[in-house]
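Q: Here is how the chains run, residue by residue.
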Amino acid sequence: MPEFTLKIRRYLPESGEAPYWQDYTVDLEGHRSVLEGILTARAEQDGTIGIRCSCRAAICGSCGVRINGRAALACKTHLEEALESSQADGEIVVEPMGNMPVLKDLIVDMDAVHWKKIQRVTPWLLPEGPPPEREYVVPHEAMVDVTQSMACIQCGACVSDCLSMEVDSDFIGPAALAKAYRFVGDPRDGQHEERLKDLSEDPAGIYDCTHCFNCIEACPKGVAPMNQIMRLRRMAGDDYEIVDRNNGHRHEQAFTSLVRDNGILWEAELLPRSYGGDSFFGKFAPAAGLELADSLPAIVRALMRRKVTPMGALRPHKIPKEDREQVERIYERVEGRDERLELNLYITGFEDEDEPAGETESQAAAESQGSSA
Amino acid sequence: MKVAYWPGCVSRGFTPELHGAMAKVAPLLDIELVELDRANCCGAGVIAEHNQELADTLNARTFALAHRTDGAMMMNICSTCQGSQSECQQRLDANGDYRELINDNLRPDGLQYERGVTNKNFLLVLVEDIGLDELASRVKRPLEDLRVGPFYGCYIVRPRDRLGIGSDLPRDTYLHRLIEALGGTVIDYAGMYKCCGFPIITMNKEASLRQAGTHLGDAVDAEADCLVTPCPLCHLNLDLQQPLAERVVGRDLGMPVLHLPQLVGLALGLEPKQLGMSRHVVKPTSVIDWSESVVAGV
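Chains as they are written, first to last, in the working numbering: chain A, 1026 to 1398; chain B, 2 to 299.
Each hint should be verified, as a subset may be incorrect.
Under the rule of at most 30 angstroms between Cα atoms (straight-line distance), these lysine-lysine pairs were calculated in the BS3-like manner [to be verified]:
no.: 1; chain 1: A; residue 1: Lys1343; chain 2: B; residue 2: Lys141
no.: 2; chain 1: B; residue 1: Lys206; chain 2: A; residue 2: Lys1222
no.: 3; chain 1: A; residue 1: Lys1141; chain 2: B; residue 2: Lys206
For the record, the hints were derived by calculation from the structure and aren't laboratory data.
Only a predicted model underlies this, so the values are computations on that prediction, with no experimental measurement involved.
Could you put together the complete structure from these sequences and hints?
A: Laid out in structure tokens, this is it:
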């Protein structure tokens, strides 16, 4: 049977000792899971290894750990697959999840971070009016729409790898915001606007997500929390026109209209408008002035180095007139629809007639790369 | 090799040195740049956040224009363009009805999106189409003794399935392999795959600059001479905002950040000034010193 070496991070906070690494070599088939590897090491070599687990079938969400630096369910990761992604000389590196305090070895304090944040978004239905005599009738499409966020098993993998939370521990975070979408997208809930206003105005809310895709990568269930956060932003900004104090909606409005007017982005105008409001006069608003003053060290150096010239900042780059008109027509047509259209590939899947072109391209690239190497 | 070249908005705005460096490097690699000067902004994820159909239509328009360039491959010099255009392309390619609907938006202007447009960042073109062996054979001034930290940026490494990254196509190692092929020393540091923080610079400036400052600090601690990035938006937060990031993390950084074509250009024999490095907010002193020491050594 093949051998696998697990390099496990050990830590017992109350011991007063620093964390350390310990290697365990286990004899197991490659298709067995990293969790089985850890449990085998614990049963046969060292009963003191701390790991939390239950179902061993990727449904309870207990055994979230970091494997080779990325959050995953230990029970859903094959040993051979983990070895392949290892950067550490044939060792599978297993650590506790990030962004949460360690209780012991691979066990983190989910209550202190994950569950606290879940509670923050009022994770239950708040229906309006008296309950119906019989069951609530919900259109099928509406339920399908929230299934993606309902697939969450609360394992905390996305929280572990969230790069915004890494620098701002207040950030409500991917799991809780995906949970928030589950209620904002549910027609039975009567507090959509209140929920969205709350999450837009909170400096640690939907506009604190840095759009890094790490939660999408980490999630073992395809919830794509970042996509749910973007849907919350779309609804907050465009359905309810919530102008938040974090500049989230103003930024999106300014960006979108500058591209409509010029075809490409005019950054020198985007920044002041994001603070001061989406119009020519935005840059004269007090908020834009304050921001300008705060950024002076960077602005002065950019001007000195001729990175930005005063004329370049005052005059937008534009695409040719005919093309600007095309772009404007596209805006008119799309924004003139009664209802916004969205395609969620989680629900619709890919066409089965043939492979998506993207994949075929990658394969072709892999082949050409092989031949040139 | 002819490419339908999409420079993006930022390389014509706040990072003009990027567009300039690419124009200088392309002929040295026999790349013919046919600029898509009629194409529009990719939306950088922000337009999609406002209206997905709008972002998909705008990018379908760009792809349709690229397709007209004798069917040449489309090449971008911005990871963020790569990521947001790939996201739209994934939806366009995944569903025929949806594609038809988007094409209805383009039809009045005589444009149509057809599946099969290849769109690659310069980094991917270098490794997959030019080849690192070929590139290495053109190196005039190997980056010997230059310690370079890769900064990938989110949009070119995540999500892996959409970007076609896997063990058969390790696109998330290309920057490492490229630095090696140019003769430089790769410096690994904690932040090399993390987010520069730029997307929230107007929403949570403190958190945004803390991200940039932390990664720059990690690179300083790992004793890198400079960083290199294929993303001009990362460059804005790492270079233009570096003085402010220093304030947030409370330490001096002084870490030069190069655009990908600048690093390639250096190895191909161009001078830092020709590559627009004098326009960076953080003066790349270590890189200039290095290039002068190489000249002195010859």
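Q: Does each hint fit the structure? Answer for all of them.
A: Quick rundown of the hints versus the structure:
Our distance criterion of 30 angstroms between C-alpha atoms is broken by Lys1343(A) and Lys141(B), whose separation comes to about 38 angstroms. Proposed proximity of Lys206(B) and Lys1222(A) is supported: the alpha carbons are some 21 angstroms apart, at most 30 angstroms. For the suggested pair Lys1141(A) and Lys206(B), the alpha carbons sit about 25 angstroms apart, so the restraint of at most 30 angstroms is met.
The structure is inconsistent with hint 1 alone, although it conforms to all the rest.
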